[in-house]
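*Asks:* From first to last, the protein sequence lines are chains A and B. Per this note's numbering, the very first residue in the first sequence carries number 1; after that it's consecutive. Per this note's numbering, the very first residue in the second sequence carries number 1; after that it's consecutive.
I should point out that these hints are in silico values taken from the structure, not numbers from a laboratory. Treat the hints loosely; a few may be bogus.
As the list claims (entries may be wrong) - Pairs of lysine to aspartate or glutamate residues, derived as EDC-like cross-links and limited to a Cα-Cα distance of at most 16 Å, are as follows:
1. Lys150(B) <-> Glu18(A)
2. Lys179(A) <-> Glu213(B)
3. Lys114(B) <-> Glu4(B)
4. Lys165(B) <-> Glu112(A)
5. Lys179(A) <-> Glu225(B)
6. Lys52(B) <-> Glu112(A)
7. Lys35(B) <-> Glu77(A)
8. Lys151(B) <-> Glu18(A)
9. Lys51(B) <-> Asp115(A)
10. Lys51(B) <-> Glu112(A)
Stated by the list, open to error - Pair ranges (Cβ atoms, derived):
11. Ala48(B) <-> Leu48(A): 26 to 32 Å
12. Thr119(B) <-> Gln27(A): 38 to 44 Å
13. Ala11(B) <-> Trp34(A): 24 to 30 Å
14. Ala197(A) <-> Gly109(B): 49 to 55 Å
15. Lys150(B) <-> Ala197(A): 45 to 51 Å
16. Ala197(A) <-> Ser166(B): 30 to 36 Å
17. Thr41(A) <-> Thr119(B): 30 to 36 Å
As the list claims (entries may be wrong) - Which stretches of chain B does chain A cover? Using the computed rule of at least three CB atoms under 8 Å from a CB of chain A, they are:
18. 40-49
19. 112-120
20. 213-221
Just so it is clear, the structure is predicted and the values come from calculations on it, not from any experiment. Glycine included, C-beta positions come from ideal geometry on N, C-alpha and C.
Spelled out, the chains give:
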Amino acid sequence: MNATDRPMTPQEKQRWFEQYTAGMHRQGRLWLAWNLFLLLTLPFAMGLVLDTMPDLNVFWKGFFNVAIIYYPTSLVEYLIYVPMLGSGASYLSFITGNLSNLKIPCAVNAREMADARVGTPENEVISTLSVATSSLVTVLILALGVLLLQPLQPVLENPVLIPAFDNVVPALFGALGLKYFLKGKKFAAIPLVLSSAVCILVPALIRQTSVLLIVIGGLTIAVAWVFYRKGALENE
Amino acid sequence: MENEFLSRLNAPVLYALVGVVIASVAAMCVFFLVKSWRAGVKLGMDKAVLKKAVVSSATFTVLPAVSILLGVVALSGSLGIPLPWLRLSVIGNLQYEVNVAQIAATGIGLSGLKIAEMTPQAYVTIALVMTAGILGGALCCLFTLKAYTKKLGQKKPDAVHSTRKSFGDWAMIAMFVGMCAAYIGSYVGSAAQDSWLPLLTALAAAAVMALCEVLERKCAVRWLENFDLAVSMLAAMAAAVGLNQIL
Chain A
1 MNATDRPMTP
11 QEKQRWFEQY
21 TAGMHRQGRL
31 WLAWNLFLLL
41 TLPFAMGLVL
51 DTMPDLNVFW
61 KGFFNVAIIY
71 YPTSLVEYLI
81 YVPMLGSGAS
91 YLSFITGNLS
101 NLKIPCAVNA
111 REMADARVGT
121 PENEVISTLS
131 VATSSLVTVL
141 ILALGVLLLQ
151 PLQPVLENPV
161 LIPAFDNVVP
171 ALFGALGLKY
181 FLKGKKFAAI
191 PLVLSSAVCI
201 LVPALIRQTS
211 VLLIVIGGLT
221 IAVAWVFYRK
231 GALENE
Chain B
1 MENEFLSRLN
11 APVLYALVGV
21 VIASVAAMCV
31 FFLVKSWRAG
41 VKLGMDKAVL
51 KKAVVSSATF
61 TVLPAVSILL
71 GVVALSGSLG
81 IPLPWLRLSV
91 IGNLQYEVNV
101 AQIAATGIGL
111 SGLKIAEMTP
121 QAYVTIALVM
131 TAGILGGALC
141 CLFTLKAYTK
151 KLGQKKPDAV
161 HSTRKSFGDW
171 AMIAMFVGMC
181 AAYIGSYVGS
191 AAQDSWLPLL
201 TALAAAAVMA
211 LCEVLERKCA
221 VRWLENFDLA
231 VSMLAAMAAA
241 VGLNQIL
């Protein structure tokens, strides 16, 4: 048996794994930067096709409204999910999306099947395999689905369906609201009643949901903090 | 007019542009797949275990991916097909896309995510806001992942988890509760102004979701968990068409 065929000693394994993860970070950052570049330039490329360009003054206003909610959420997700995923799967997960509804449960499932422990080289390998496979399958299914949607395009563009597509946001928040109100049932009534009352009394706020989101979101976190401090959420 | 604009959003060239970006992200996945497979072999892991991880992940993904596809259908009437196809294939998720598109639309002066009010410039501006707004996690990876994983490596394996919910967990739940409350409050406000359709659509979605929850929890219909959000939304959107006729 020559030196390359024999199993690695734990020290060799550790040294090799350190080199592997260093390479993973280098390549992960390059791939990530390249794909972010493509994603950010796409709206401009679409603009060229549609004979227009994004309005950057308006963009900053919209971006602020979105970022104030989603950047803190992204940070929390990053801090929570990276320890579960390891480096390779993290680079993939944060560019391929659908984290909490697909990539995380998929990686956890694969890890449990392989009996790999969090923080080990084996977990790093299994999580990366899992997230890469899951992402490729998603891409494939969506591409096939979009192809199959082509014959349905005239149906989807039928004016009778306009109320359906105009109400996609209420449909989302009705469904999601039920799920989250059940999760936070001890404090959910407070923001719901308050928000409804404010919108009835000050109708101008109905069109300012981005402002309302920040105020009601902040208030709900404060209410949850009070409940948490009082120990009211311990058995939830 | 609306039809015409929607047709422009579904132009073949937009599919081609989106296809290039999706192909690039898919190439990244293939690269990492091959690299991690080789690493597993080098580490002496059983190839059967590696194969099982790949096969189980592929089968695990099928149902949620079909649900994600329904999300593309749900968004196709307001944003066309190529943009939702991109967003749900690679970086976004259904909850985020709908919400951010709505926030972006109101932020740039539209009354909501409505095709009747959309202009090409509004559309590409919304697309840019949606893209930039979701980059928090990716930017964290780009600039801090190496340092963060190094720090985590100093902890003992499995020491990073706790089963008890921290306030961080509750803050995340509270933020989403607040977000849903803000939207539903605005639909209550609209109903008080005689526009009942958004509130009734939200209630229809909640009713279908409640039914799904009962089936999942009481009748152990576990597969439904992958579909409940998309099914509830599509059912409520169908209800909106009928309710619009009545109202």
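*Asks:* Is it true that the CA of lysine 35(B) sits at most 16 Å from the CA of glutamate 77(A)?
*Replies:* violated (25 Å)
*Asks:* Cβ-Cβ distance between alanine 11(B) and tryptophan 34(A): within 24 to 30 Å?
*Replies:* holds (26 Å)
*Asks:* Keeping to a limit of 16 Å between CA atoms, is the pair of lysine 179(A) and glutamate 213(B) held or broken?
*Replies:* It holds: about 8 Å lies between the C-alpha atoms, which stays within 16 Å.
*Asks:* Check whether the Cα positions of lysine 179(A) and glutamate 225(B) lie no farther apart than 16 Å.
*Replies:* It holds: about 12 Å lies between the C-alpha atoms, which stays within 16 Å.
*Asks:* Looking only at beta-carbon atoms, does the pair lysine 150(B), alanine 197(A) fall within the given range of 45 to 51 Å?
*Replies:* holds (50 Å)
*Asks:* Checking one constraint from the list: CA of lysine 52(B) to CA of glutamate 112(A), max 16 Å. Satisfied?
*Replies:* It holds: about 11 Å lies between the C-alpha atoms, which stays within 16 Å.
*Asks:* Okay, the region 112-120 of chain B and chain A, do three or more residues pass the C-beta test at under 8 Å?
*Replies:* holds (count 7)
*Asks:* Verify the proposed pairing of lysine 51(B) with glutamate 112(A), using a straight-line Cα cut of 16 Å.
*Replies:* With Cα atoms ~14 Å apart, lysine 51(B) and glutamate 112(A) stay inside 16 Å; holds.
*Asks:* Between alanine 48(B) and leucine 48(A), does the C-beta distance stay in 26 to 32 Å?
*Replies:* violated (50 Å)
*Asks:* Could you say whether the range 49 to 55 Å given as a hint is met by the Cβ separation of alanine 197(A) and glycine 109(B)?
*Replies:* Cβ of alanine 197(A) to Cβ of glycine 109(B): about 26 Å, so the range 49 to 55 Å is violated.
*Asks:* When I compare C-beta atoms, does the region 213-221 of chain B have three or more residues closer than 8 Å to chain A?
*Replies:* The restraint on the region 213-221 of chain B is violated, since only 1 of its residues have a Cβ under 8 Å from chain A and three are required.
*Asks:* Regarding the pair lysine 165(B) and glutamate 112(A), is the alpha-carbon distance no greater than 16 Å?
*Replies:* Violated. Lysine 165(B) to glutamate 112(A) sits at ~21 Å, over the 16 Å cutoff.
When held up to the earlier numbered hints, the structure conflicts with 4, 7, 11, 14, 17, 20 and fits the remainder.
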